[in-house]
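Could you build the full structure based on these sequences and the hints that come with them?
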Amino acid sequence: MTTEPATQYYYHGRFRVVGGVLPNAVTAYRTHGDPKNPCIVFPTCYGSKLDSQAYMMGPDKASEWNQFIEEVLNPDKYYIATIALFCNGECSSLSNTPLPYNGPYFPAISYEDNARAQYAALTKKLGIEHIYCVVGFSMGGQMVEYLDNFLEGPKAAMKASKDFEDDHYKSVPEYGIRAFGRVYCPWAYGQTWFRDNGYLYDGLDMLALLNTWQTADVSKVRDDRNLENRLGAIKAKGLIMPCKTDLYFTPEDSEIEVSYLKDTANLVVIDSVWGHVDNPGNSQLAEGHVRKTSSFIKPKLKRF
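Quick note: the sequence shown uses our numbering, first residue 1, plus one each step.
Bear in mind the hints are in silico, worked out from the structure with no lab data behind them. Bear in mind the structure is a predicted one, so any value in this text is a computation, not a measurement. Hints may be right or wrong, so weigh each one.
[Stated by the list, open to error] Heads up, simulated SDA-like pairs for lysine to any residue below, C-alpha to C-alpha not over 25 angstroms straight-line: (1) Lys-36 with Asn-74; (2) Lys-77 with Lys-125; (3) Lys-244 with Glu-228; (4) Lys-237 with Pro-251; (5) Lys-49 with Thr-123; (6) Lys-77 with Cys-133; (7) Lys-237 with Thr-31.
[As the list claims (entries may be wrong)] Pair ranges (Cβ atoms, derived): (8) Thr-3 with Ile-131: 23 to 33 angstroms; (9) Pro-98 with Gly-136: 37 to 47 angstroms; (10) Gln-214 with Ser-259: 18 to 28 angstroms; (11) Arg-225 with Asp-263: 20 to 30 angstroms; (12) Ala-6 with Asn-102: 17 to 27 angstroms; (13) Ala-6 with Leu-247: 35 to 45 angstroms; (14) Gly-19 with Asp-271: 33 to 43 angstroms.
Note that the Cβ used here is the ideal one computed from N, Cα and C, for glycine as well.
Spelled out as structure tokens, the structure:
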């Protein structure tokens, strides 16, 4: 059985972010495979840690969905760098940063901040000069969406709880975390996820990640906040695959964005009732459903 690589850390030192400065910023990551092979970057998604993505890699996996995943995330063929987002609890986060930048005093983080931090880790620590591909689910792959409406529901539920204490809680805000989970889970995971306590993360870390998600707008990087021009300037090829029933990244939004990409990206909608969590790497999906989804995606990847 393949041994999971150890988590490594890149220490940025003083690192400026959109909300201020982190005096000792840290980026957590793991690498799989031979660095001589083409590099695939695999950022974590919302609420995900590096362990959450480990099961998707490794030639010793036998199930149908892993046979599919290995075609893309095979450490025998690629050098795969899984990198955590700020505020996920492994990188610099509200829950692990010492005074005076802990908890509610932690500065806001943007996608641009994460991109700069990950670029530094890849180039300065790992010596990567060229990225073959970036693979991401949900927040790990999100670059342009500015989602506001549905994210406010979970945020409001947590902040309104009696034990959240206006961001200054002294112990785990159990009422707030449960309220957050009740609002969040119908959008992504369903009732079983809630019953299995899938929502047990640090409350302020989750809110900070939500803020990064909400304030994402790639048009702010350049092009004078013109989204069409910004997306039109992207030269990398893209395969955009929203699920038909995804309430986070709707196919309608993806269709608009792909139209701005000037023939560099293809849009393929997955016809499924599993919404946001429909992907071949979801080990909780029924094997038959994963086989169906995999057989649908494989030829698209080969053409890509």
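Structure-based check of each hint:
Simply put, Lys-36 and Asn-74 have alpha-carbon atoms about 14 angstroms apart, close enough for the 25 angstroms limit, and the pair holds. Taken as a hint, the Lys-77 and Lys-125 pair is honoured in the structure, with Cα atoms around 21 angstroms apart against an allowance of 25 angstroms. Taking the CA atoms of Lys-244 and Glu-228, the gap is about 23 angstroms. The hint holds against a cut of 25 angstroms. About 18 angstroms separates the Cα atoms of Lys-237 and Pro-251, which keeps this hinted pair within 25 angstroms; it holds.
With a C-alpha separation of about 22 angstroms, the suggested pair Lys-49 and Thr-123 falls inside the 25 angstroms cut-off, and the hint holds. Proximity of Lys-77 to Cys-133 is assessed by CA-CA distance (about 13 angstroms); at most 25 angstroms being required, the pair is judged to hold. A distance of roughly 24 angstroms separates the Cα atoms of Lys-237 and Thr-31; the hinted pair therefore holds under the 25 angstroms criterion. Evaluation of the 23 to 33 angstroms hint for Thr-3 and Ile-131 yields a pass: the beta carbon distance comes to about 25 angstroms.
The given range of 37 to 47 angstroms is broken by Pro-98 and Gly-136, whose C-beta atoms sit roughly 30 angstroms from each other. Roughly 24 angstroms separates the CB atoms of Gln-214 and Ser-259, a value that falls within the hinted 18 to 28 angstroms. Taking the beta carbon of each, Arg-225 and Asp-263 are about 24 angstroms apart, inside 20 to 30 angstroms as hinted. Distance hint for Ala-6 and Asn-102: a CB-CB separation of about 26 angstroms, consistent with the stated range 17 to 27 angstroms.
The supplied range of 35 to 45 angstroms is met by Ala-6 and Leu-247, whose beta-carbon atoms lie about 36 angstroms from each other. As the Cβ distance of Gly-19 to Asp-271 is approximately 40 angstroms, the hint placing it in 33 to 43 angstroms holds.
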